[in-house]
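Chains as they are written, first to last, in the numbering used here: chain P, 1 to 207; chain S, 1 to 327.
Simulated from the structure, these hints should not be mistaken for laboratory data. Incorrect hints may appear among the rest.
Claimed, not checked - Label-pair restraints from in silico Cβ distances:
| # | chain 1 | residue 1 | chain 2 | residue 2 | range |
| --- | --- | --- | --- | --- | --- |
| 1 | P | 66 | S | 190 | 43 to 53 Å |
| 2 | S | 223 | P | 172 | 18 to 28 Å |
| 3 | P | 203 | S | 84 | 26 to 36 Å |
| 4 | S | 184 | P | 131 | 30 to 40 Å |
| 5 | S | 307 | P | 188 | 23 to 33 Å |
| 6 | S | 306 | P | 93 | 45 to 55 Å |
| 7 | P | 62 | S | 306 | 54 to 64 Å |
| 8 | S | 182 | P | 66 | 38 to 48 Å |
| 9 | S | 272 | P | 45 | 48 to 58 Å |
| 10 | P | 172 | S | 290 | 35 to 45 Å |
| 11 | S | 250 | P | 203 | 39 to 49 Å |
| 12 | S | 321 | P | 167 | 45 to 55 Å |
By construction, the Cβ of each residue, glycine as well, lies at the ideal position given by its N, Cα and C atoms.
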Amino acid sequence: MQSSDQESNHGDSRRDFLKKSSLITAIALTPSVAVKAAENQADERFAELFEKIPLNLTVNNKNYKSAVEPRVTLLDFLREELHLTGTKKGCDHGQCGACTVHVDGERVNSCLSLAVMNEGKKITTIEGLANGEELHPMQAAFIKHDGFQCGYCTPGQIMSAVACVNEGHTNSRAEISEYMSGNICRCGAYPNIVDAIVEVSKGGIKA
Amino acid sequence: MINFQYLRTTTAKSALALLSKDKNSKFLAGGTNLIDLMKRGVTAPEKLIDINHVPLKQIEQIGDKIVIGALASNTAVTENAIIKEKLPLLAMALNAGASAQLRNVATVGGNMMQRTRCGYFYDTEMPCNKRQPGSGCGALGGFNRMHAIFGTSDKCIAVHPSDMCVALTALDAIVVLAGAKGERKILFKDFHRLAGDTPQLDNNLKADEMIIRLEIPVNNLAKNSYYLKVRDRASYAFALVSVAAGMEISNNKITDIRLAMGGVAHKPWRLTASEDFLKGKEPSIENFEQAAKLAMTGAKGFGENDFKLQMAPNSIIEALTVAKSKA
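Work out the full structure: start from the sequences and follow the hints.
As structure tokens, then:
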């Protein structure tokens, strides 16, 4: 990461550089058998090393047909392949919650899920919450209650908060804190985040 | 992450056949621990067999047993009405572990198979007999605040990280395993191992076996159950010490008692001597204190974790006191 920051001084943004360099790596490592169609379910043949596996996903109500190496996480697939960079990579080890998305309506850490494990599933990311220009009530509540400072953890916080309300774990501030403990905020906006969730839960909002 | 070959399968039979064909393959369930270990280079399986589509997600009561499939998610268990009513100790323990996001994905079988969070095990630059047998134990003379005080060996002082497994040990759960030759059943307390001379082995699952389900005998402990977890922050941290306590109290006498501890040994630590002492006695603070004292026989600190020698008995007394007061 540090070296890529330095190398990206040639007019490219850091993100462009990372994209290009990962593309070069992919070409170098991908044998000609890549992207060979494999059956999706109950395939009794292991995919070859570096073979891309077909992947069908619905993300924010849009269908995507793609093919990925098995080691690609759902988080990297969303960010690097679909360019949905609202979902953040924080710790990349399931400890911070910045990568929280909904899979078939349930919140998960997308950094600890392989993209291929999500074949056929419905994913909702932070980009899929708003209805056009109209913010999701939880997004509006985070703004109203100042539920963030730097904003990096916010997409994960909001996805987790929406799920917390849907699950019904909002009977007290203590219960909200407990069920939001998988989302770390280093700016310490916790009381304001709880305020936002309390307000939405009292409105009976469903996402 | 080092690349690997991937295959989805939909039946336990096919999963077992694939596993026995290839010694370098591993099952992939929720992946919340395995994928993390692969990212860190702690483990690098050549093949992953994705078993998430194998139908092992049932949670039901069959006669006097509650049956939980190996692939039931942690959340599915904690939110299940039968579990909430009849095995609240299990629900409490599961809810004390991980985060809502992880519990949505993590499975019962995967929870049993998770590896220690010892920092030396995770850091591939450090010696660790569990990760690399013969390389030494960094924790013995190192940072060992989180480490074991019971059943340790000079090869490894790591602790088992699970909360769920502590409750299941206390609840006399039975593990049903399947292999090429059919099914076998073992007591939950015999599933995990002490480190001894083979710290690389966490449990007694054979290389060609698969966890199929748990069978938990129905009990009368629900009313007086409590899972106490002491940790560095209020939520989402591994236990320093945890206690699963369940009692059946009749006419001010303890007629059934289950006690197990987490965060103190290489496996969930059942407190048999304390249970034997309390059986038939009054649920009094004096008896709880005596039981806690008995539990500490053979305990040994390694420097940074010496505080557990006091925290453990205090936690036992606290857990028993809360469990009793729930009546």
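Structure-based check of all given hints:
Checked against the hint of 43 to 53 Å, the C-beta distance between residue 66 (chain P) and residue 190 (chain S) comes to roughly 45 Å, which is consistent with it. At roughly 23 Å, the beta carbons of residue 223 (chain S) and residue 172 (chain P) sit within the given window of 18 to 28 Å. About 27 Å separates the C-beta atoms of residue 203 (chain P) and residue 84 (chain S), a value consistent with the hinted range of 26 to 36 Å. Against the hinted window of 30 to 40 Å, the Cβ-Cβ separation of residue 184 (chain S) and residue 131 (chain P) comes to about 54 Å, which falls outside the hint.
Take residue 307 (chain S) and residue 188 (chain P): their Cβ atoms lie about 28 Å apart, and the range 23 to 33 Å holds. At about 29 Å, the CB distance of residue 306 (chain S) to residue 93 (chain P) disagrees with the hint of 45 to 55 Å. Taking the beta carbon of each, residue 62 (chain P) and residue 306 (chain S) are about 57 Å apart, inside 54 to 64 Å as hinted. The supplied range of 38 to 48 Å is met by residue 182 (chain S) and residue 66 (chain P), whose beta-carbon atoms lie about 41 Å from each other.
About 49 Å separates the C-beta atoms of residue 272 (chain S) and residue 45 (chain P), a value consistent with the hinted range of 48 to 58 Å. Here the CB-CB span from residue 172 (chain P) to residue 290 (chain S) is close to 37 Å, well matched to the stated 35 to 45 Å. A hinted range of 39 to 49 Å holds for the C-beta pair residue 250 (chain S) and residue 203 (chain P), which are about 48 Å apart. Restraint check, residue 321 (chain S) to residue 167 (chain P): a C-beta distance of roughly 31 Å breaks the suggested window 45 to 55 Å.
The structure is inconsistent with the numbered hints 4, 6 and 12, although it conforms to all the rest.
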